[in-house]
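Per the working numbering: the sequence shown = residues 5 to 261.
Any given hint could turn out to be false.
To be verified - List of simulated lysine to aspartate or glutamate pairs, DMTMM-like, C-alpha gap at most 20 Å: (1) Lys34 to Asp76; (2) Lys64 to Asp126; (3) Lys137 to Asp182; (4) Lys78 to Asp206; (5) Lys137 to Asp126; (6) Lys34 to Asp201; (7) Lys34 to Glu67; (8) Lys78 to Asp204; (9) Lys242 to Asp76; (10) Lys177 to Asp189; (11) Lys78 to Glu229; (12) Lys34 to Glu229.
As the list claims (entries may be wrong) - Ranges between beta-carbon positions, derived for each pair: (13) Ser187 to Ala50: 51 to 57 Å; (14) Gln215 to Ala185: 34 to 40 Å; (15) Gly98 to Ala185: 41 to 47 Å; (16) Thr75 to Asp106: 23 to 29 Å; (17) Val188 to Asp106: 16 to 22 Å; (18) Gly148 to Asp91: 30 to 36 Å; (19) Ser110 to Phe90: 21 to 27 Å; (20) Gly148 to Ala49: 33 to 39 Å; (21) Ala226 to Gln133: 26 to 32 Å; (22) Lys34 to Glu140: 17 to 23 Å; (23) Glu67 to Ala185: 43 to 49 Å.
Since the hints were made in silico from the structure, they are not lab data.
We treat Cβ as the ideally placed atom computed from N, Cα and C, and that holds for glycine.
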Amino acid sequence: MYLRDKLRGLLVRVYARRVEGHLDHDQVPKHIGVIMDGNRRWAKAAGSTAAQGHRAGADKIGEFLGWCTETDVKVVTLWLLSTDNFDRPQEELGPLLGIIEDVVRSLAADGRWRVHHVGTPDLLPGPMQTTLKEAEEATAHVDGITVNCAIGYGGRQEIADAVRSMLLDAQDKGTSMDELAESVDIDMIGRHLYTGDQPDPDLVIRTSGEQRLSGFMLWQTAHSEYYFCDVFWPAFRKVDFLRAVRDYAARHRRYGG
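The task is simple: from the sequences and hints, build the whole structure.
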């Protein structure tokens, strides 16, 4: 069993290097969104607790961002906590929030990533809000990958918040409702989203075998490519990442045409 697993691991690494060697870095996605699904199912299969599954998923993030750096990805959006997750039992939600705070601190301390929060801050506990603000301020000067930490995030909530932001902005400028109605366009709405002037995701990866978006970046993913992987997030490997990027590079993006 040990020798078989060792041989399998060696073959996977050789295959990964082969895939990586054939990648055209001009064709790789510049913005990748990730729905990191399957932590609890991975834990159940391993005989571990949900918290241990979430911790294993958190430990995968730095490795994943390293792969993104190697392939010249510029922006990564990590969906760490949805608005729906607040409905989970407190005995799971409490440890999960603590793990996510640790992730944010780790990303900021690493020095290679520029941390940006996407989500509704008011939904989060005070300490989490403080941690996110400090991480954004500490990494504002970093020239590496922009890491959008989607925490307390929901796609519908984002659009509602964008509309609210537009209305408040118009009020501050003394713009009438008629004038606002005349001026509203796609670009204006886009500027008021959590991601602001960032490019939309080119590729969205979802792990665990689920083939749905669950409200992830509803506005920004209108023309994104999707890659669904059967592997649970804690078990996601570099070869799985490279396959997703290779699959994206081989597609002809039509942008609705």
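Hints, verified against the model:
Distance hint between Lys34 and Asp76 is fulfilled; the C-alpha atoms sit about 7 Å from each other, no more than 20 Å. Taking the CA atoms of Lys64 and Asp126, the gap is about 28 Å. The hint is violated against a cut of 20 Å. A distance of roughly 36 Å separates the Cα atoms of Lys137 and Asp182; the hinted pair therefore is violated under the 20 Å criterion. Between Lys78 and Asp206 the alpha-carbon distance is near 11 Å, which keeps this suggested pair within the 20 Å criterion.
A threshold of 20 Å between alpha carbons decides the hint, and for Lys137 with Asp126 the separation of about 13 Å falls inside it, so the pair holds. Only pairs whose Cα atoms come within 20 Å are accepted, and Lys34 paired with Asp201 is accepted, the gap being roughly 14 Å. With a C-alpha separation of about 18 Å, the suggested pair Lys34 and Glu67 falls inside the 20 Å cut-off, and the hint holds. A distance of roughly 11 Å separates the Cα atoms of Lys78 and Asp204; the hinted pair therefore holds under the 20 Å criterion.
Of the supplied pair hints, the one linking Lys242 and Asp76 holds, its CA atoms being roughly 15 Å apart against a limit of 20 Å. Our distance criterion of 20 Å between C-alpha atoms is met by Lys177 and Asp189, whose separation comes to about 18 Å. Using a Cα cut-off of 20 Å, the hinted pair Lys78 and Glu229 holds, with the two alpha carbons roughly 17 Å apart. Among the hinted pairs, Lys34 with Glu229 is consistent with the structure: their alpha-carbon atoms are about 12 Å apart, no more than 20 Å.
At about 54 Å, the beta-carbon gap between Ser187 and Ala50 stays in the expected band of 51 to 57 Å. A C-beta distance of roughly 38 Å is found between Gln215 and Ala185, which places it inside the suggested range of 34 to 40 Å. Taking the beta carbon of each, Gly98 and Ala185 are about 45 Å apart, inside 41 to 47 Å as hinted. Taken as a hint, the range 23 to 29 Å holds for the pair Thr75 and Asp106, whose Cβ atoms sit roughly 26 Å apart.
Between Val188 and Asp106 the CB atoms are about 40 Å apart, so this pair departs from the stated range of 16 to 22 Å. Taking the beta carbon of each, Gly148 and Asp91 are about 35 Å apart, inside 30 to 36 Å as hinted. Ser110 and Phe90 have their C-beta atoms about 23 Å apart, which keeps the hinted 21 to 27 Å range intact. Separated by about 34 Å at the C-beta atoms, Gly148 and Ala49 satisfy the suggested range of 33 to 39 Å.
Checked against the given bound of 26 to 32 Å, the beta carbons of Ala226 and Gln133, roughly 30 Å apart, stay inside it. Checking the proposed 17 to 23 Å range against Lys34 and Glu140 shows it holds: the Cβ atoms sit about 21 Å from each other. Look at Glu67 against Ala185: about 48 Å separates their beta carbons, and that is inside 43 to 49 Å.
Of the numbered hints listed earlier, those contradicted by the structure are 2, 3, 17.
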